[in-house]
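A.B. asks: In case you want the letters, here they are:
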Amino acid sequence: MVAKNCAKTEHKAASNVLSDGPDWTFDLLAQYEQEIDRVARHYGLDIYPNQIEIITAEHMMDAYASIGMPVNYAHWSYGKKFIQSEQNYRRGQMGLAYEIVINSDPCIAYLMEENTMPMQALVMAHACYGHNSFFKNNYLFKAWTDASSIIDYLLFAKNYVAKCEQKYGVTEVENVLDSCHALMNFGVDRYKRPQKISMQIERERQENREQHIQSQVNELWRTLPKSETKSSQPTQRFPSEPQENVLYFIEKNAPLLAPWQRELVRIVRKISQYFYPQKQTQVMNEGWACFWHYHILNHLYDEGKLTDKFMLEFLHSHTNVVAQPAYNHPNYSGLNPYALGFNMFMDIKRICQSPTDEDRAWFPDIAGKDWLETVHFAMQNFKDESFISQFLSPKLMRDFKFFAIEDDEKNAFVSVSAIHDEAGYHKIREKLSAQYNLSNLEPNIQIYEVDSKGDRSLTLSYLPQQSIPLAETQHKVLKHLHHLWGFSVKLEQVDDQGARHLLGAYPEQPKGADAPLSSIVI
Amino acid sequence: MAHFIDRRLNGKGKSTVNRQRFLRRYKEQIKKAVSESINKRSVTDVTSGEKIGISSRDISEPIFHTGKGGARSIVHPGNDQFTAGDKIKRPESGAGQGGDSNASDSGEGQDDFVFQISKDEYLDLLFEDLILPNLEKTQQDKLVQYESYRAGFVSDGVPSNLDVVRSLKGSVARRIALSGGKKAQLKALQAQLAEMLEAKVPDQLALAKLKDDIEQLEKAIARVPFIDTFDLRFRNYQKRPIPSSKAVMFCLMDVSGSMDQATKDKAKRFYILLYLFLTRTYKDVEVVYIHHHTQAKEVDEEEFFYSTETGGTIVSSALVLMKQIVEQRYSQQEWNIYAAQASDGDNWTDDCAKCTELLERSLLPSVRYFAYIEITARQHQKLWHEYEKLSEIHNNFAIKHIVDVDDIYPVFRELFDQSVEKPSGVS
Numbered sequence: 001m002v003a004k005n006c007a008k009t010e011h012k013a014a015s016n017v018l019s020d021g022p023d024w025t026f027d028l029l030a031q032y033e034q035e036i037d038r039v040a041r042h043y044g045l046d047i048y049p050n051q052i053e054i055i056t057a058e059h060m061m062d063a064y065a066s067i068g069m070p071v072n073y074a075h076w077s078y079g080k081k082f083i084q085s086e087q088n089y090r091r092g093q094m095g096l097a098y099e100i101v102i103n104s105d106p107c108i109a110y111l112m113e114e115n116t117m118p119m120q121a122l123v124m125a126h127a128c129y130g131h132n133s134f135f136k137n138n139y140l141f142k143a144w145t146d147a148s149s150i151i152d153y154l155l156f157a158k159n160y161v162a163k164c165e166q167k168y169g170v171t172e173v174e175n176v177l178d179s180c181h182a183l184m185n186f187g188v189d190r191y192k193r194p195q196k197i198s199m200q201i202e203r204e205r206q207e208n209r210e211q212h213i214q215s216q217v218n219e220l221w222r223t224l225p226k227s228e229t230k231s232s233q234p235t236q237r238f239p240s241e242p243q244e245n246v247l248y249f250i251e252k253n254a255p256l257l258a259p260w261q262r263e264l265v266r267i268v269r270k271i272s273q274y275f276y277p278q279k280q281t282q283v284m285n286e287g288w289a290c291f292w293h294y295h296i297l298n299h300l301y302d303e304g305k306l307t308d309k310f311m312l313e314f315l316h317s318h319t320n321v322v323a324q325p326a327y328n329h330p331n332y333s334g335l336n337p338y339a340l341g342f343n344m345f346m347d348i349k350r351i352c353q354s355p356t357d358e359d360r361a362w363f364p365d366i367a368g369k370d371w372l373e374t375v376h377f378a379m380q381n382f383k384d385e386s387f388i389s390q391f392l393s394p395k396l397m398r399d400f401k402f403f404a405i406e407d408d409e410k411n412a413f414v415s416v417s418a419i420h421d422e423a424g425y426h427k428i429r430e431k432l433s434a435q436y437n438l439s440n441l442e443p444n445i446q447i448y449e450v451d452s453k454g455d456r457s458l459t460l461s462y463l464p465q466q467s468i469p470l471a472e473t474q475h476k477v478l479k480h481l482h483h484l485w486g487f488s489v490k491l492e493q494v495d496d497q498g499a500r501h502l503l504g505a506y507p508e509q510p511k512g513a514d515a516p517l518s519s520i521v522i
Numbered sequence: 001m002a003h004f005i006d007r008r009l010n011g012k013g014k015s016t017v018n019r020q021r022f023l024r025r026y027k028e029q030i031k032k033a034v035s036e037s038i039n040k041r042s043v044t045d046v047t048s049g050e051k052i053g054i055s056s057r058d059i060s061e062p063i064f065h066t067g068k069g070g071a072r073s074i075v076h077p078g079n080d081q082f083t084a085g086d087k088i089k090r091p092e093s094g095a096g097q098g099g100d101s102n103a104s105d106s107g108e109g110q111d112d113f114v115f116q117i118s119k120d121e122y123l124d125l126l127f128e129d130l131i132l133p134n135l136e137k138t139q140q141d142k143l144v145q146y147e148s149y150r151a152g153f154v155s156d157g158v159p160s161n162l163d164v165v166r167s168l169k170g171s172v173a174r175r176i177a178l179s180g181g182k183k184a185q186l187k188a189l190q191a192q193l194a195e196m197l198e199a200k201v202p203d204q205l206a207l208a209k210l211k212d213d214i215e216q217l218e219k220a221i222a223r224v225p226f227i228d229t230f231d232l233r234f235r236n237y238q239k240r241p242i243p244s245s246k247a248v249m250f251c252l253m254d255v256s257g258s259m260d261q262a263t264k265d266k267a268k269r270f271y272i273l274l275y276l277f278l279t280r281t282y283k284d285v286e287v288v289y290i291h292h293h294t295q296a297k298e299v300d301e302e303e304f305f306y307s308t309e310t311g312g313t314i315v316s317s318a319l320v321l322m323k324q325i326v327e328q329r330y331s332q333q334e335w336n337i338y339a340a341q342a343s344d345g346d347n348w349t350d351d352c353a354k355c356t357e358l359l360e361r362s363l364l365p366s367v368r369y370f371a372y373i374e375i376t377a378r379q380h381q382k383l384w385h386e387y388e389k390l391s392e393i394h395n396n397f398a399i400k401h402i403v404d405v406d407d408i409y410p411v412f413r414e415l416f417d418q419s420v421e422k423p424s425g426v427s
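Going line by line, the protein sequences match chains G and S.
Here the first sequence is numbered in UniProt numbering, starting from 1 and rising by one per residue.
Here the second sequence is numbered in UniProt numbering, starting from 1 and rising by one per residue.
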């Protein structure tokens, strides 16, 4: 009897442990997914349903080429990216990602077939639970993206672009898309929430919109008798306020664009807007995902479901991902968002669980509170910039040995303005936070004025920060802008005193009122 | 609960359309790289693809971004020696100053964007819009080889071609057709007989008649043969003409004192192009090199391009030799004959008329295409004027004038241009 019992318990223990591969099967994937799901729910992760797809290296490169999306319209630049990543991959200069995850509902995650079983478990915990819950709960994603409709919208975009190519020719469509891509970063509303996008509504509205928009544009063509304008009307600027969303302005106001060209501008703008939150939350998003793959898999190990062999492989990969080389290390290429994010979330947990006096002084609100609640709160309500300025602790600055460098071209040297000491904590935190402020990273360029009474030329203004100049590529971008606008475009720099001086223009020497109408072709 | 999908068997090449868009957009640059690359190849090297380099400045996608200069502050990790207020010499050109994110898209890197195109893509680009001269005519006029192919079944043939399955199918069908009705009748009669036998008092007379009928029927059925000559089916083979897949290319070149190495190199490029071009259509392409001064000689590639000879020039000697070789080794029933002659135009004055006659009488009727290129910066010589007359009459004879290396590819394209109806023409 005893022997029998023994065998039984042993059997039970064996069935409890999940196989550590190294080869995976679909059954095994499902078992792991179930376990991970159970633990994730235990920790209160709120997710979109998962759709997990196994793909090959070739598919992964396809996904790379089309900005990670499963469908996208055809464009040469995606071909260029594909050729590039294919070349790099073939030569062994680049490894491919283990997974790609898409902010959609259901949440689509691509896993590479060549991952081992522990890797698959790691990426499932990371992408399908970490990133997924971030997409669903972070305020930026909630407010600015619509996960349920993005795939539909991309499908609409793909079909619409294909239809335009048939109707108007590949080159024509390509020219418009090129110009839009050049201005893609300026196709984003930073403060106003965009409308939800979905394919059905989009298709229904699209045709109405064509006519409607065209009638709106006529504002620019409306002219009053010259004598009257000059004498009686005080010059009113159009637009009345500077516009930050250049593509939106073009879509609504460019005088010479055909309706289908406006629709293309809109498509590029919408996609740009969709990706905007991802740019703003890189540190948090990756940090959150790492935090949870670490916790979920450790939890499973503590329950005895994972083998030591599994854990060793997992920890090896995990450590590589969250490693931060020092500034003078040959592999150093800036701050690793995975490292910073992961350590910040771990640090929040530490502050909650075992705060020091320093932590109590710096974080009176969260020291000693429930850690799970606190990390969820942090994940939901911040973006990189505010997350860092809110939660970067002195201990972490010491651990990372942060120091701030001031590089002013007026001096022949660079100087160290702050290091990880009592005097520098606040400065470093402020500077690091600013480093993740997108509006500091992208040049501040706005639509300033349209000469609606004269040659209809478009003027943009550049407001430099800390007298950082604009790169030379602006001339080419102006050419693209000119292609969309149809009349001459100017870019002016505004200095500290508010004085404006010309940075560039296209065509180079703006002509008088008779700008050629045929100038739409590049 | 997650939903798993196995996408591994999904079609590859989702990016093919984008890749083609890319090739299409940079066709000009790629074509330029392709036509430059042929200068580096040997005449018969057609198996490899080609590495294409495009200046990365040409394919950059410009965006607004900040440039160098101004004041920046950057936070780095791993402080090991600094304290606040330290002044450090500015590192050279930002080396070691990672974190500055705009290095890659500034377009300042002069590195070429290099990628591989396949052999087919390479040749497609190289010979885009070109057609093989007189290809259509070849298929109509010179049906030189035959291949057998299966063409259904016939009722007559040699025993070795007998198709057993088909024949037996015929047999079954015939037997059913000839005996089916009788068998049904037989069945009915047998049923009747059985019924009759069961009766208490059988009608002997009717019984005998019935038995007799049954016997008759059985005999009739047995008379239908199991297999008949009518059933036999034979596999049918027919012959169809296929255009010959063999071609021979004659390279004729003047190696007299007036031809220097530079001129020969120009000629070589032309031959490379012609060779590549022919290998696109023909499976086997042989090359015959004939050089000449006052006498013609068949030589190998090395000697053809790099031997130095001196002396006068008699062009007709090469044509005579070519004619002999064609007669001896390359019957026009089997071979598609192409010839390209390169010369600086010098010729013995009396010889020109002879050349014209040789070409018109014996060579032009048997060759697919004869191209003459004159590589000289001087005025046209007598040979050119003679050939000019000839090219107006014969459309498989073309002459072109080349001055510089750069002319070769355009001239080649012009010679084989699809849009030109008559490949001959005057430059």
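Rather than coming from a laboratory, the hints here were simulated on the basis of the structure.
Bear in mind the structure is a predicted one, so any value in this text is a computation, not a measurement.
Worth double-checking, as some hints may not be accurate.
Said to hold, decoys possible - Looking from chain S toward chain G, a few residues come up when the C-beta cut is under 10 Å (computed):
hint, residue
1, Ile-5
2, Arg-19
3, Ser-60
4, Ile-63
5, Val-75
6, Arg-90
7, Val-114
8, Ser-118
9, Gly-257
Ideal Cβ placement from N, Cα and C applies to all residues, glycine included.
A.B. asks: Using Cβ atoms only, decide whether Ser-118/S comes closer than 10 Å to chain G, and label the hint accordingly.
C.D. replies: Violated - the Cβ of Ser-118/S stays beyond 10 Å from chain G, reaching only about 12 Å at its closest.
A.B. asks: Let's test the interface hint: is any C-beta of chain G closer than 10 Å to that of Val-75/S?
C.D. replies: 5 Å, holds
A.B. asks: Restraint: Ile-5/S near chain G, CB-CB cut 10 Å. Satisfied or not?
C.D. replies: Hint on Ile-5/S: holds, closest Cβ of chain G at ~5 Å, below 10 Å.
A.B. asks: Report holds or violated for the interface hint on Arg-90/S, using the least CB-CB distance to chain G and a cut-off of 10 Å.
C.D. replies: Result: holds, 5 Å to nearest chain G Cβ.
A.B. asks: Return the status of the interface hint for Gly-257/S: holds when the least beta-carbon distance to chain G is below 10 Å, violated otherwise.
C.D. replies: 50 Å, violated
A.B. asks: Does the CB of Ile-63/S sit less than 10 Å away from some CB of chain G?
C.D. replies: 6 Å, holds
A.B. asks: For the restraint on Val-114/S, tell me whether the closest CB of chain G is nearer than 10 Å.
C.D. replies: At about 8 Å, which falls below the 10 Å cut-off, the nearest Cβ of chain G leaves the hint on Val-114/S intact, so it holds.
A.B. asks: Does the CB of Arg-19/S sit less than 10 Å away from some CB of chain G?
C.D. replies: Holds: closest Cβ of chain G sits about 4 Å from Arg-19/S, inside 10 Å.
A.B. asks: Less than 10 Å between beta-carbons is the criterion; does Ser-60/S satisfy it with respect to chain G?
C.D. replies: Result: holds, 8 Å to nearest chain G Cβ.
Of the numbered hints stated above, those contradicted by the structure are hints 8, 9, listed in ascending order.
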